[in-house]
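Enquirer: The residues making up each chain are set out below.
Protein chains: 2
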Amino acid sequence: MQSSQAGGPKKRISESTIHRLSLYYRALSLLEKENYETVSSKELAKREKLTPAQVRKDLSFFGSFGTRGLGYPVTELKKRIATILGIDRVWRVALIGVGNIGSALVSYKEFAKQGFHIVKLFDNDQRKIGSNHKGMIVSDIANLEQELTEARIEVVVVAVPATVAQYIVDDVVRAGVKAILNFAPINLRVPEDVYLRNENMAMELEYLSFAMVNNHTPKRVK
Amino acid sequence: MQSSQAGGPKKRISESTIHRLSLYYRALSLLEKENYETVSSKELAKREKLTPAQVRKDLSFFGSFGTRGLGYPVTELKKRIATILGIDRVWRVALIGVGNIGSALVSYKEFAKQGFHIVKLFDNDQRKIGSNHKGMIVSDIANLEQELTEARIEVVVVAVPATVAQYIVDDVVRAGVKAILNFAPINLRVPEDVYLRNENMAMELEYLSFAMVNNHTPKRVK
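Here the protein sequences come in this chain order: A and B. Per this note's numbering, the very first residue in the first sequence carries number 7; after that it's consecutive. Per this note's numbering, the very first residue in the second sequence carries number 7; after that it's consecutive.
By construction, these hints were calculated from the structure, which means they are not laboratory data. No experiment lies behind these values; they were computed from the predicted model shown. Wrong hints could be hidden among the right ones.
As the list claims (entries may be wrong) - Computed footprint of chain B on chain A; a stretch qualifies when at least three of its residues, placed anywhere within it, have a C-beta under 8 angstroms from a C-beta of chain B: (1) 19-26; (2) 46-60; (3) 90-96; (4) 187-197.
Unchecked claim - With a cut-off of at most 30 angstroms between alpha-carbon atoms, the simulated DSSO-like pairs for lysine-lysine come out as follows: (5) B:Lys140 to A:Lys134; (6) A:Lys140 to B:Lys85; (7) A:Lys119 to B:Lys48; (8) B:Lys55 to B:Lys39; (9) A:Lys52 to B:Lys184; (10) B:Lys140 to B:Lys184; (11) B:Lys55 to A:Lys119; (12) B:Lys119 to B:Lys48; (13) A:Lys115 to B:Lys126; (14) A:Lys184 to B:Lys52; (15) B:Lys115 to A:Lys126; (16) B:Lys48 to B:Lys85; (17) B:Lys85 to A:Lys115; (18) B:Lys140 to A:Lys140; (19) B:Lys126 to A:Lys140; (20) B:Lys134 to B:Lys119.
Glycine residues also receive a C-beta, built at the ideal position from the N, C-alpha and C atoms.
Given these sequences and hints, build the entire structure.
Expert: Have a look at this one:
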C-alpha cells in the first residue's frame with residue numbers, strides 16, 4: 007500500500023500498521039480517561055498484546071514522540087494518531103438500508119466517537135420512508151444521488167441486499183462520494199478514485215469454519 | 007496460510023482464495039434459484055467482477071469440476087464449495103453480549119443460511135438475563151464456561167465492550183471453544199489452537215478516513 011501527497015514525501019504504510027494505530031488510539035483514549043499523562047512503549051505493548059519494539063517502531067514512523075525514561079505524552083500522541091487516521095474531524099455519513107444491520111449501525115456508538123456522524127438514512131421500503139428513525143427521517147432511495155450531493159455526504163455505508171447493491175453504489179459514485187463501507191455480500195465495482203472496504207460477517211464465520219474443517223494454521227489479524 | 011490434515015496432502019490456500027470461494031458460493035446459490043443447471047467460468051467471473059482465468063484457477067485447485075463447452079454443474083459445484091468451506095453442516099453458535107450489535111446479529115439471516123445457528127445468548131445485564139430474545143432465553147454470563155460446555159457450543163461471537171472482552175474470551179477458551187468471531191475493538195489473546203477473527207466496523211471506517219486524508223492508493227479486497 008502506498009501513501010502519497012502532492013509535493014510531500016512518499017511513504018508506505020501497511021494495512022496492519024493502520025490497524026495497530028487504531029488500537030493505540032483506543033488504548034490512549036482509555037489511558038486519558040484513567041488520567042495517565044505519559045505511557046511507556048512497554049505499557050502500550052502490554053495493553054495491545056504487542057512487543058515494545060513493535061510499538062516503538064510504529065510510532066517512530068510518524069515522528070519522534072517519546073522521551074527516553076518518560077515515555078509518550080498520552081494526549082499529544084492520541085491527537086497525533088487521530089490526525090494520521092483522519093478521525094480528528096467530522097465525516098458526514100449516509101447509511102443506505104435501514105434493516106437489521108443498518109438499524110444496529112445507527113445505534114453503534116463507536117462510529118460517532120471516531121467522528122463518523124450518520125446524518126442521512128435511506129431505504130426503499132414505503133413503510134420506512136418518511137418515518138423517524140432514532141431522530142432522523144428516512145429518505146427515499148429514489149432520490150439518492152441528489153440527496154447525497156445536497157447533504158454533502160462524504161462516506162456511505164451500504165447495508166442493502168446483495169442483489170441491489172451494485173445499482174445503489176453506482177448512484178453513490180455518481181453523487182461524488184469517495185468512500186464506501188459495504189456490508190452487502192457481493193464484490194462491488196467502483197472507479198479507481200473511490201475507496202471501498204467490505205465488511206462481511208457471514209464470510210468471517212466461513213473463514214472460521216474453513217479453518218476448523220481443514221485444521222488450518224491459525225492466523226490472528228486480518 | 008497453510009492447510010494440513012493428518013495423513014493428507016498439504017496445500018496452501020490464501021485468505022483471498024477463501025474469500026473468492028465464499029463469493030462463488032453466493033453466486034451459485036443465486037444461479038440455482040434462477041434454475042441454471044450449468045454455468046461458465048465467464049458468467050461466474052462476470053457476476054463477481056473477476057477474470058474467467060481467475061475463476062478457472064481457483065476451481066481447478068479443488069479438483070476438476072468443469073466440462074469444456076458445458077461449464078460447471080451449478081448444484082454440484084455449490085455443494086463441493088460448501089464442503090470445502092465447512093458450511094455443509096450446522097455449527098452451534100453462542101452470542102455473548104445482547105446489545106445493539108449483538109441484537110442485530112441474532113436477526114442476521116445470513117448466519118443461519120450458512121449453517122451458523124445461534125443457539126445460546128449471554129449477557130451480564132440483570133434486566134436482560136432470563137428474558138426472551140427472539141425465541142431464546144438470555145443466559146447469565148456468570149455461568150458462561152459451564153453453559154457453553156453443556157450446550158456443546160463450537161463457535162462464539164463476542165459482542166461485548168472492549169474492557170471486558172479478554173476476561174470473557176478466557177472463559178470461552180476454558181470451555182473448549184475453538185472458534186471466535188470478535189466484535190470488541192481490542193486485540194485478544196487466545197491459545198494457538200483457537201481460531202480468532204476480528205470484526206471491527208469502526209476500524210473499517212478508519213481505513214477509509216486514513217485513505218481519504220492521505221490520498222492513499224485504493225485497495226479493494228481486505
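Enquirer: Which numbered hints are broken by the structure, listed smallest first?
Expert: 6, 7, 11, 17
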